[in-house]
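In order, the protein sequence lines correspond to chains A, B and C.
Under the numbering used here, the residue at position 27 of the first sequence is numbered 27, and the numbers go up by one with no gaps.
Under the numbering used here, the residue at position 196 of the second sequence is numbered 196, and the numbers go up by one with no gaps.
Under the numbering used here, the residue at position 76 of the third sequence is numbered 76, and the numbers go up by one with no gaps.
A hint or two may mislead.
Which residues of chain B face chain C? A partial, calculated answer using Cβ under 7 angstroms [stated by the list, open to error]:
#1 E18
#2 A106
#3 E158
#4 N238
#5 H240
#6 E285
#7 G495
Below 20 angstroms or equal to it, Euclidean Cα-Cα: the simulated EDC-like pairs (lysine to aspartate or glutamate) are [claimed, not checked]:
#8 K137(C) / D103(B)
#9 K77(B) / D103(B)
#10 K107(C) / D44(A)
Covered by chain C, per the in silico footprint, the following chain B stretches (three or more residues, Cβ under 8 angstroms) [unchecked claim]:
#11 146–154
#12 405–419
Quick caveat, the hints were computed from the structure, so don't treat them as lab data.
Bear in mind the structure is a predicted one, so any value in this text is a computation, not a measurement.
Ideal placement from N, C-alpha and C gives every residue a C-beta, glycine not left out.
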Amino acid sequence: MRILTGNDLKTGLVIWWTGRDWSIHVEDAVDVGDQADTILAVEDAACRVNGGYALDAEREPGGGVRPAHIKDRVRAYGPTVRPDLTLKPADPEAGNWVI
Amino acid sequence: MYRYDKYDQAMVDTRVEEFRDQARRRIEGKLTDDQFKPLRLKNGLYLQLHAYMLRVAIPYGTLDSRQMRMLAEIARKYDRGYGHFTTRQNIQYNWIKLEEAADILADLASVEMHAIQTSGESIRNVSADQYAGAAADEIMDPRPWGEMMRQMTNFMPEFSYLPRKFKIAVIASDTDRAALRWHDGAVKIVKNAAGEIGFEVYAGGGMGRTPVISYKIRDFLPTDQLFSYFQAILRVWNRHARRDNIHKQRMKILVLELGEEEFRRQVEEEFEHFLTLAEDFPQAEYDRIAAYFAPPPFETGLSEEIDRSDPDFALWVDRQTVAHKAPGYAIVNISLKPVGGIPGDISAEQMDLVADLAERYSFDELRATHAQNLVLPHVRKADLYTVWQALDEAGLGAANLDLATDIIACPGLDYCSLANARSIPVAEKLSERLAPREAELGELKIKISGCINACGHHHAGHIGILGVDKKGSENYQLLLGGSGAEDASQAKITGPGFDEAGVIDAIEKATDVYLRERADGERFLDTYRRIGMEPFKEAIYA
Amino acid sequence: MLEVLRLRDDEPVDEPAVTLDAFLDQSNAASVRIEAGDDVRRLLPVIDRVRLVEIDFPKLRDGRGFSSARILREAGYTGEIKATGDVLVDLIFFMRRCGFDSFEPNKPFDPEDAQNALDRWPHVYQDAADGRVPIWKLRHGNQG
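Same shape as in the complex, but just chain A (with noise of 0.2 angstroms):
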């Protein structure tokens, strides 16, 4: 699949595109298939996402999505040698997800 990520403008957070908004979560995002220049440019232009751009990305068996690129597994889940500051804390397991 396709998916779309950046940055929120004001809060620099990372976020994925969920078909109709952003959301922090990378489970949430959505195969845009060939729109991704269309709807960058309007999410662009209207502030909601800063520095946007399209990836590769898997579809999990539990659900979950699988950027491609480890750069991005990092952006989608926080820096693996502080796990307390990612998105999964509790997760022992969550680290090896990115590697």
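Given chain A, put chains B and C in place with the hints provided.
Chains B and C in isolation, oriented as in the chain A frame:
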């Protein structure tokens, strides 16, 4: 240390209001990201993997307790309770919001701090010797020149949109503790045969994709011509550098293309022109600034005794303290490299503690080093035990200065959008692996970069590690033989790269070779320089 | 919105600017266009004929034009220097310090932003081409 007068304060305050206006216009959509990006970079604000990142300037690595407490407060109030000291003596915060950035800059301005020109294609923060004002081997304290350089290079109208970044440094001793030779433009304070103070000027150094050690462009520059000479260097580069390929725009590339002689010729020509403009800062201005750097009121008749009965304390004294020029005092190095920990990171609580120690035991002065550690420059020997106890209790008591676990690492792929691989996990695991043999290994400077931009200074590591992307996986190249000191040299790659476990094993094997081959008194670097790459390569790839 | 911002009192030069090469060939031209990569010093031998220099900024980050303008002022040129191209209003203060006195940006300026940019800085650290007194002079008694 230097104190802003009303003019300096007006400049940082104005900068805050300028940025506040720019951020507002960006949030309102009146500025595009392309337009805003160079403006926010001029205030140290990056967009990174997790949020905005703010890089705060610590000019010539010097700060006081009030400033350190503000850095702690910023970590607590606007970030996630910690900061990261960098290889340019600055501090970074990783979880910044754009909508709060101007408020942070205002808080910094209230304690005479800023984030001016800490990123982007600007003249960056001036680096200096972290032992300035305390070291026995300096000609003079270089920091008045550091402050002069800050005021010379902030908001230069002709040189604010340069081809690339421009990193500057100043030292005043033969021992180079500031990696002088790896800077774009740097000066070493010297005395000529007539006993006059002047500068050796070095130009064209830099890390990154094409590492280059700077060359001496001028043997002796009178101190009252520094501004003209800097302008000459900058104007030659600004006019003639390529602007079509971001990887070829750093000044070192222009020097390589023109050749050292021709580059010097053009700079000298431009310099003669600038002298006619009479824009140099006068001696009176130097004297005004230098007065702030007068030595603190050192006590006399102090005891040189140190009670070494506690072996942990004794070890820390041996490794972390350095001789001070004033009798009865010591320079204290604070390690931000706990074994297995994140190099250079410090919590808000630790920052407050260090601030307290500085205020109480070091004439209210602190330094940041380019090795991502801190320094209390003026501690009475009689106070060392108390200081050590406090540091140790706060997790800042590691006794590993310049040893194998005193690793320099950039934030890497855990934080940085430029990175190809994670660097911090490598540092953590390597630190744990080498800790048991650290004493045996002696001085061993290991430096890790998560990408070719080399913010971890891997080119200058006795052992360097470069993270790369190998078909979507993290991979690590190993390099040996670099140095950031006065014996500057560029590390050489050993051969094919490794995964994370592999590079740690490879480094352990390299240290085996060193221990086997070393002659009396040789550091790892010395043995490598004597026996060459082959024996190491053989062991690593066996 | 301001398409042209001009900080001079005299009459604008009513002549299209020609390229540097063309200018050096023509003895009667008065307006010249300097591209970012041009060597503006080539103009100095004939600087007395020049009444308008347009200096182009192909990209906002390309700062060569700052040097070009300052070089002209240092040589004594008192005619108009106009910044054209990708000129962001936030840069016009530095540009004026370097000797620019008019601006014709690709995207017109918001007049309030332009005024703020010009008026914002109460002090300057260094000398430049605008004659403003640097802070070190104020500190040591020279009022300029």
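Structure-based check of each hint:
| no. | hint | verdict |
| --- | --- | --- |
| 1 | E18 | holds, 6 angstroms |
| 2 | A106 | violated, 16 angstroms |
| 3 | E158 | holds, 5 angstroms |
| 4 | N238 | holds, 5 angstroms |
| 5 | H240 | violated, 9 angstroms |
| 6 | E285 | holds, 4 angstroms |
| 7 | G495 | violated, 39 angstroms |
| 8 | K137(C) / D103(B) | violated, 31 angstroms |
| 9 | K77(B) / D103(B) | holds, 11 angstroms |
| 10 | K107(C) / D44(A) | holds, 19 angstroms |
| 11 | 146–154 | holds (count 3) |
| 12 | 405–419 | violated (count 0) |
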